[in-house]
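Engineer: Protein chains in written order, with our numbering: chain A, 1 to 491; chain B, 492 to 656; chain C, 657 to 1011.
Calculated directly from the structure, the hints in this document are not laboratory data.
If a hint is listed, it holds; no wrong ones were tucked in.
Restraint-style ranges between C-beta atoms, simulated for each label pair:
1) C:868 x B:567: 48 to 54 angstroms
2) C:833 x A:255: 52 to 58 angstroms
3) C:833 x A:259: 54 to 60 angstroms
Please read these numbers as outputs of a predicted model, since none were measured by experiment.
The beta carbon of each residue, even a glycine, is placed where N, CA and C say it ideally should be.
Here is how the chains run, residue by residue.
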Amino acid sequence: MSLDQKQKIIIALAFFFLAALTIVAWVEGGRRRVVKAPDAVVTSENKDCVDCHRVKSPGIVGQWEISTHAKSGIGCLQCHQAEKGDVDAYQHEGRLIATVVSPKDCAQCHEREAAEFQASHHASAGQILGSLDNVLAEVVEGFVEFDAQGNKVKPSPAAVSGCLQCHGAEIKVLDNGKLDPATWPNTGIGRLNPDGSRGSCSACHLRHNFSRAQARAPENCGRCHLGPDHPQKEIYQESKHGIAFEANRARFEPLMEAKEWIPGKDFEQGPTCSVCHMGATKNLPVTHDVGERISWTLRPPVSEKIDAAAIKAGKRVKSWQQRRKDMQEVCSSCHATEWVKNWYVQFDNAVNLYNEKFGKPATELFQMARKEGLLTEIQFDEELEFTYFYLWHHEGRRARHGAAMMGPDYTQWHGFYEVAERFYMEFVPQLREVLAEGRRHGKAAAAARIEARLNQILDSDMHKWFLGRMSPAERAARKKAAEEFKKRYAQ
Amino acid sequence: MNQKSFNANDIVGWVARRKFLFGGFLATVGAAYGVFASYALKFVFPAPKPPRRIRVFLGFSDQIRPGASKAVNLPTGDQLLISNTGKINPVTGNTFIAFSNSCPHLGCKVHWEARREEFVCPCHGGVFTAGGVAVAGPPAQSGSNLKPYEILVEGNSIYAVVEEV
Amino acid sequence: MSRVASALVRANDWLRERFPVDQQVLISMGSEPVPGHLKRWWWCLGGTPAYLFIIQAVTGVLLTFYYVPTPDQAYESVAAITNQVRFGWYIRSLHKWSANLMIVAVLLHMMRVFFTGAYRRPREGNWMLGVLLLLLTLGFGFTGYSLVYEQLSFWGATVAANILQSIPLIGPDLAGFLRGGSHVGSNMLTRLFVFHIGALPTLMVVVLLGHLLLMRTHGVSPLGSPAGPDAKRFPFIPDHLFTEIAVALFLMFILTFLAIVFPAGLGPKANPLVTPEHIKPEWYFFWAFRWLKLMPEQAAVATQGLFIALIFFWPLIDARIRKRRPDSELSIWIGAGAVISLLTLTVWESLHLLH
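Please build the complete structure, drawing on both the sequences and the hints.
Structural biologist: If you want it as structure tokens, here you go:
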């Protein structure tokens, strides 16, 4: 091979090498270089805390380091520093701090959210001392010791570890400055804090990273809003909203940490709890008052509009119509006007059905029995009391919540079906037994009055089928439909 | 070829005769290795990063009383001194001033003297006005002032705007 | 003369005045005729590993700008090079592929020398230097890979130390020397780093210079019967030099291609508490790995040591053989047998790992 040939080969090879280098440059240019996330900023005052707790409780420091707070240097003392005179303040490694961080502390920077939250029903969740549920937890299930002055000495563990973990305990500071274990730890949303504020922000915004994505996840609300007496989480998961979210969850989750999560703009389907009940839309600002878009209260034995109690007390609050309008504004991000309007008609009809057919009659009869002395004064010592409780507190709520959040199975089988069964198969017979018992103990007149009212109710249009008084027209129509149906199946 | 050895002139002559080809040879081989060398250089020199501005929380406005000051570490490694002069600055609308507390002379930490409304360096007597301008001592002689920081007050919180390194 | 030519001549005169080396001696040394068979590209296998060593040195120095040899930062610094530094992935991939190709080239060169009998008298010394170079190259591969501090790096180094440990008499001391102590820890990583960028390169350069010097003074061994004075030859400069430049460019192209299509990746970080399910060394140790599984450890280590000694002293053994039977082709058969056995062990091990 001659020199000239060799040179030409070399030139060719050099071109190949150059071409390969060009591809290298193209690959390099197209690479998304990994951008280092900004570090947590540890300011001088927090340095000691972080250094020690990094060893003693590394999870806490690790949580904080990935938070948005840390990027701006907002650290331990900004939230935990206490003032002289705070009832729960104590000296710790040369600094005056408090363990409990209340909405008042968060309000130092998050004033609006804290104010909205403390005005909401969430913040008053801890004030359930007089409720029937509390009676159950403290008397029926548990045991509470009182001292001579009537102060609670020993709480009911059923309440401490159960009810109050969601509803919020009243945190007590003992004489030695430590927190009463009956009341702390507790992140119930209606917690009563030593500084007088109500509520706990960390009920929803888990410390110390306070992630928005975590707060927006349905499981977050589902910590408390689940179970036989208010299965919102389960209903949501059954609903198409929940299905849509779950199907797209992997795509959404990295985006949900962003400040805005506006339906129609940042995502196109699958709202979570916070989207409808609190979140910002195109036109509405975010609110931490979860009642702002609720029109019915589905909690009590008989549902009423959410502003009814306030109106009765003479207070001026946002009307239920305005709240409904706001909620409809959210719906309109994804749904057409007719859809939304018609759905609310369906919802109202379902609530009214419960109210009229079961809620009001059962409540009326039960209260008559109580007033007339046919039931003992002791709560929950008789079967009828449990039955009535189940009727409105469990399946009655399930039916209403199911209708409210588009969970058909909860509306029907966990809802109205069980309400009806409870009413006809348990409440009515047990009431009759109570009346019979009353007659045996000299309360015949009262029993007669109540029985008359019972019969009147059963004889009404909605209930008369039970007495065999269905109209002949309806009976014929049903028979015909049943025969048609039988043709479809072998049995 | 059957030559036993070369001398310098032979090589030069050979090159001269084929200068076009040899030129091409040098050019392509040189270009190829040259490009490679440029990549190696880029490798060694860190990529220039566009500076980002971040907010660093300094404190609550009701915790830094008029006349008081507070030193805060910044992620850049510098330490910042924020002082409440008590007088509203017409430009910024708040009463806070923030400067690096490193004296530009030899790096000692300056402190805020509320009564004199001046920053004072204890090492060699450098004095700076509330605007960070050196008026006495070695910094004044060299005309070097304190490095200012932009302050942001949002509600109750005070932030410094810092360029992240 | 053309302008280019006269410029070259002037430059030459300028240099000659300041560096009064006898240029004629240099040029005659450099342009000593090369036997005709070297025109064949198969004979460039000696220059190939030498060039790849230069690539390794250059890319290696570049990598050292960013690599940190401590257990808590080694892996992260390699990840940073791969993901963040400009062209980091390219320099690192070049280094990795050049390492693999260098070992292949050394082995091919070794086989070429062996099967052409070029190790025979008077070149026995050069063969031994060559074996040393092979061992150094494998040492580079082992230490370099351990520096990445992936799971396989860490556990591979642990296993190697344990194997050393089992060598009779000197084993524990050797293992202690490798580990920098009685157990695998941060000392070992530092040592491997020192070996890889300090001790081994120095040794390599020295032995390589010796190898090249011996090769030049002996002259390239003739193919077949000794060459006569008018056997075909061609000048080193520029002919053979151009061949070498062509090989160099070809290698750069191949390495760049491999770097683009098969860039160096990163396995899970070393975890001293968890041994991965399948430990395996780099491919060039597969033969040893498989051999170790076939018999008790001490026997395997002993036989492997014997094998290396055999290779090292082969010219002397071969001389003995040919003294008895001058036309014996036994060495070819033994060489072929060794190559096939090593290949079999390697393939066996790699197939096993596929499952």
